[in-house]
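As given, the protein sequences belong to chains A and B, one line each in that order. Everything in the first sequence is counted per the working numbering, starting at 1 for the first residue and increasing by one. Everything in the second sequence is counted per the working numbering, starting at 1 for the first residue and increasing by one.
Hints were generated in silico from the structure; no laboratory data involved. Heads up, none of these hints are tricks.
As a list, the in silico DSSO-like pairs of lysine-lysine whose alpha-carbon atoms are at most 30 angstroms apart: (1) A:K26 x A:K155; (2) A:K50 x B:K98; (3) A:K161 x B:K131; (4) A:K155 x B:K131; (5) A:K162 x B:K132; (6) B:K132 x A:K26; (7) B:K123 x A:K41; (8) B:K131 x A:K50; (9) B:K131 x A:K82; (10) A:K82 x B:K122; (11) A:K82 x B:K123; (12) B:K98 x A:K70; (13) A:K40 x B:K122; (14) B:K482 x B:K427; (15) B:K98 x A:K26; (16) A:K34 x B:K132; (17) B:K123 x A:K34; (18) A:K41 x B:K98; (19) B:K132 x A:K82; (20) B:K131 x A:K41.
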Amino acid sequence: MKKIIILFFIFANIAYGYTYNEVLLKAQASIFPKIMLLDKKLNDKLIEGKIIYTVVYEKDDYNAASEVRKFIKDSHQARLDKYQYTVNLVEFSDFSHATKSSAIYVLNSNENIQKVAEIAKEKGIIAFAYDIENLKNGLLFSLMIEKSTILYVNKENLYSKKIDFVDSLLQMVRFIDKEHS
Amino acid sequence: MKGLLFNMKNKNINSLSTKIVLSISLLSVIIVLIIFAVFEKMNKEAFYNIELEKVGLIANTIEPLIALNIYLDMPGNVNQLVLQLMENQNILAVKVLKHNQTIHEAKSKKYEDELNDSFIVKKRIYQPNSKKSIGTLVIIYSSKNYQELIHKYTKLLAIMLLASSLLFLLFSLYVKKLLLPLRKIANSLKNYSPNKEIKIPFASENNEIGLISNALNEMQEKISQYSKEQENINIFLEEKVTEKTSELRNQLYTDSLTGLPNRLSLLQDLANLSDAALLIINIDDFKEINDFYGHIAGDSILVEFSKRLHLMFETDNNIKLNHLAGDEFTLLFIEKPSKESLIQTVQKLLYEIEKIVFYYDNNEFSIRVSIGGTYQIRRALEKADIALKSAKKEQKPFLMYDEKLNIEEQYKDNMEWVKKLKNGIEKDKIVPYFQPIFDNVSEKCVSYECLMRLIDDNGKVIGPNNFLYAAKKSRLYSKLTKIMIEKSCKHFEHVAYDFSINLSVEDILSNDITDCIKQTIKQYNVANKIVFEILESEGIENYEEISQFISEMKALGCRIAIDDFGSGYSNFEHLLKLNIDYIKIDGTLIKNLDKDTNAQKVVETIVDFAQRLNILTIAEFVHSRTVYEKVRNLKISRTQGFFLGEPQEATNRYL
Numbered sequence: 001m002k003k004i005i006i007l008f009f010i011f012a013n014i015a016y017g018y019t020y021n022e023v024l025l026k027a028q029a030s031i032f033p034k035i036m037l038l039d040k041k042l043n044d045k046l047i048e049g050k051i052i053y054t055v056v057y058e059k060d061d062y063n064a065a066s067e068v069r070k071f072i073k074d075s076h077q078a079r080l081d082k083y084q085y086t087v088n089l090v091e092f093s094d095f096s097h098a099t100k101s102s103a104i105y106v107l108n109s110n111e112n113i114q115k116v117a118e119i120a121k122e123k124g125i126i127a128f129a130y131d132i133e134n135l136k137n138g139l140l141f142s143l144m145i146e147k148s149t150i151l152y153v154n155k156e157n158l159y160s161k162k163i164d165f166v167d168s169l170l171q172m173v174r175f176i177d178k179e180h181s
Numbered sequence: 001m002k003g004l005l006f007n008m009k010n011k012n013i014n015s016l017s018t019k020i021v022l023s024i025s026l027l028s029v030i031i032v033l034i035i036f037a038v039f040e041k042m043n044k045e046a047f048y049n050i051e052l053e054k055v056g057l058i059a060n061t062i063e064p065l066i067a068l069n070i071y072l073d074m075p076g077n078v079n080q081l082v083l084q085l086m087e088n089q090n091i092l093a094v095k096v097l098k099h100n101q102t103i104h105e106a107k108s109k110k111y112e113d114e115l116n117d118s119f120i121v122k123k124r125i126y127q128p129n130s131k132k133s134i135g136t137l138v139i140i141y142s143s144k145n146y147q148e149l150i151h152k153y154t155k156l157l158a159i160m161l162l163a164s165s166l167l168f169l170l171f172s173l174y175v176k177k178l179l180l181p182l183r184k185i186a187n188s189l190k191n192y193s194p195n196k197e198i199k200i201p202f203a204s205e206n207n208e209i210g211l212i213s214n215a216l217n218e219m220q221e222k223i224s225q226y227s228k229e230q231e232n233i234n235i236f237l238e239e240k241v242t243e244k245t246s247e248l249r250n251q252l253y254t255d256s257l258t259g260l261p262n263r264l265s266l267l268q269d270l271a272n273l274s275d276a277a278l279l280i281i282n283i284d285d286f287k288e289i290n291d292f293y294g295h296i297a298g299d300s301i302l303v304e305f306s307k308r309l310h311l312m313f314e315t316d317n318n319i320k321l322n323h324l325a326g327d328e329f330t331l332l333f334i335e336k337p338s339k340e341s342l343i344q345t346v347q348k349l350l351y352e353i354e355k356i357v358f359y360y361d362n363n364e365f366s367i368r369v370s371i372g373g374t375y376q377i378r379r380a381l382e383k384a385d386i387a388l389k390s391a392k393k394e395q396k397p398f399l400m401y402d403e404k405l406n407i408e409e410q411y412k413d414n415m416e417w418v419k420k421l422k423n424g425i426e427k428d429k430i431v432p433y434f435q436p437i438f439d440n441v442s443e444k445c446v447s448y449e450c451l452m453r454l455i456d457d458n459g460k461v462i463g464p465n466n467f468l469y470a471a472k473k474s475r476l477y478s479k480l481t482k483i484m485i486e487k488s489c490k491h492f493e494h495v496a497y498d499f500s501i502n503l504s505v506e507d508i509l510s511n512d513i514t515d516c517i518k519q520t521i522k523q524y525n526v527a528n529k530i531v532f533e534i535l536e537s538e539g540i541e542n543y544e545e546i547s548q549f550i551s552e553m554k555a556l557g558c559r560i561a562i563d564d565f566g567s568g569y570s571n572f573e574h575l576l577k578l579n580i581d582y583i584k585i586d587g588t589l590i591k592n593l594d595k596d597t598n599a600q601k602v603v604e605t606i607v608d609f610a611q612r613l614n615i616l617t618i619a620e621f622v623h624s625r626t627v628y629e630k631v632r633n634l635k636i637s638r639t640q641g642f643f644l645g646e647p648q649e650a651t652n653r654y655l
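So that you can see chain A by itself, here it is in the shape it has in the complex:
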C-alpha cells in the first residue's frame, strides 16, 4: 500500500506537473508585481499603456499558472498602482521574442528556463522566478519565506540599461550568482 501511494505521487507529479507551495505562490503573486512597480523605467515597458504580466509555465502547470493569475487579481484588484494590467498565461513552448510582456513570472521547468531568461534579458524585462534555483539560470528575482520574507536577486543580470530599481530595494535584497548561492 505504501508503495502504491509513493508511485501515485510520482506519477501524479509526472502527470500533473511540478509541485508548488501555495503560500509561496501567494506571497510571490503579491510581492512581485509590486517590485515591478519599483522599476524607474517601467514606463518603457508598458504595452499600449498597460502592464502585461506574463506567467510562463509548462503545459502541465496550467492550473498552477491559473492559480497565480487568480492570486494576483485577488491581491491587486483591477489596477497596479496607477496602471491597468493584464496577467497573461504563456507556455514555455509559446514564449518567444514576440511575446508582448512587461514582466514575466516563470514557474518551474527542466529545460526552458534558460531560454526564457535569455529572451527576458535581451528584451530588458524583469524576470521573476518561482524557484530561487532558477536565478542561476539567468532569471532576475525570486523570493523565499524563511523566518521572514527574503528577496533574492541575480546579481549578474541586475545591471541592465533597461532596468533601474529604487535604491532602497537593493539594500534589502540578497544577491546570488553562479558561484555563490
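Following the hints, put chain B in place on chain A, whose structure we already have.
Coordinates of chain B only, in the frame set by chain A:
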C-alpha cells in the same frame, strides 16, 4: 559721625578713579553678560539642532527601507528594522504607523524615565518610487546627550565669566592705584591760598602725574605774583572810585554851565521842607539871543546872570538860588517870608536886573525877566511854573500862583479835550454838519457852510468852540482840517450845491494843508462848488501869503469869502486886491440888527461897498424874523442863521 562717614563715602563715589573703575566694571559685566547670553542662546540652539539632525538622519536613512517593507507587505522585515533602531541607546521608542494605524512599536527600558526631555521626530513614509504617503515613522530620541552638553557648556561659560570678572576687578584696582596720586595732589591743593606756598607731591615722578605737579607749582608762582599786582591795583582803584563818586555826586546836583545847584538839588530841598516859598525867574525872549547871537553868547549871558543873582542873595541864608535849565532860575525861600517881604524882594530883583548890562563880543545886552511865585510847598515847582506862564500870558513881570485862577483846571480840561479828539479821530467821529445859506430874493437855499462837529461816545454832538483851543495846542488842528476838507468834498461830489469850508491863517500857511486842499478838490471835482471862508481879523498880518493862496485857489475855479467881516480893522484897499467873492458880515453886527442903529449904519456901509465891487454879502447869526426882515431891507444878498436853518448832518432837507 554718621554724616562724616556718609560724606566720605559720597566723595569716594564721586572721585574720578572710582568712576573709571565703576564704569569699567559695569561695562565689563554688561559685555560679559551679553556675550554669555548670546553664546548660550546660539550654542544651545546649535546643540539642539545637532541632536535633532542626528535623529533626522537616522529617520531619513531607515525610512526608505521601512517604506519598501511596508509597500511589499513584509511586516517581519519592518519589525527587524525597528529592533535594529532600538539598538541605538539614545532611541527611547520607535513607532511605525501605516495609514495612521500602528503596525510596529518598540520602547526601550529608559523610555518612561527620559520621556519628558526627549526629542520626538515624526517622518512621513512614502511609497518607493512615488510621492504617495503610506505611513509615519515616529522616533523618540533621548535628550540626555543634549542636556549633558549644555551643562558642560554652561559650566565652561560660568568659569569664563568668573575669570573675566576677576580680571576686570584686578584691572580696576590697578587703575585706581594709578590715579591715587591725583587724589593726594587734590588734597594738598585744598589748603592753597595765593599768600601761602604749598608743596605739591609727586613733582619728581617721570610721568603725567609728575607733569601735573610741576605745572601746578608753576601756576602757584604765577598766581602769587598776580595776586600781589591785583592788590596794588585794587588799592589804586578804590581811591579813584572814592574820588569819582564825589565828583559825580557834585555833578548830579550841580548845573555844569553856571555851577549853581540844579533842578535835582531843588527837588531834594523841596522834599525836605514842610513850608517854603518859591520864585521861578525866566529871561524873556532868551531864545532870540540864542538864535541871533549864537549859543555861546547865550551861555555867556546865563553864566553872568547867575553870578549877578548869586551876588544879590549870597548874604541871605534864607534864600537858595538854583539854575533849573536854559533860561530858568529859582529862588527858594527856606523860611516862608511875609507877602510884603516877598513882593519887596521881587521888586528889588526886577529893578536890579533891569539895570544890568551884559557884554559879549562888543555887543551890549539888556534883559527883562518874568517871575512866577508860589507860597504853597506842595507841588511848588509846578505851581510857580503855572504862575510864570500866566504872567507871560498876561504880559506882567510877576504873578503869584492863585488857586482862583483855576489854571490847573484849564490844563486838565484841555488834556481831556485832547483825549476826546484823539478818540474821535481814531473812531472817525469828526464829521461835518451843513448849515444852509438862503438867497434873499428867491428865498431858496443856494449853498451850505460846512461846520465841524465831534460826536462823543454818548452820541452827543459837540461844536468846535469847546475843543478848538485844545486842538491848536496839541497840534491836532491840521488833522481836523484835513478831515473836514476830505469829508466835505466827498459829500458834495454828487450834491448840486455850493459849499463853504472855514480856513484859518494857520491852515493857509501850512503847505501840507494847501497840498491836501488841491489834491482833494481835484479828486472829487468840486473846485467850482467850493468856497473858502477866511477870517478877516486873522488875515491882515499875513496879507502876502493869504493873497497868494487866494490867487492859486481862484485859478483852480474856487471862490473866496471873508468871514466875520467887520469884526477887525479891515483894510479895504487890501480887500480890493484880494479879489474876493463873498463878504460874510460879522455876527455881532447882525444879531441885534433890528434894534442897533449903529450896527445898521455899519452894515449899510459894508453892503454898499460890496455892491459897488460886485461882491455878494451874507448875513450870519440871523436868529429871528425881525432880524431877517431887517437883513432883507438892507439888501444883504444872502442869509444864514438858526431862523432859517440849523446845521444838520445831511443836505437833502432843502433839495
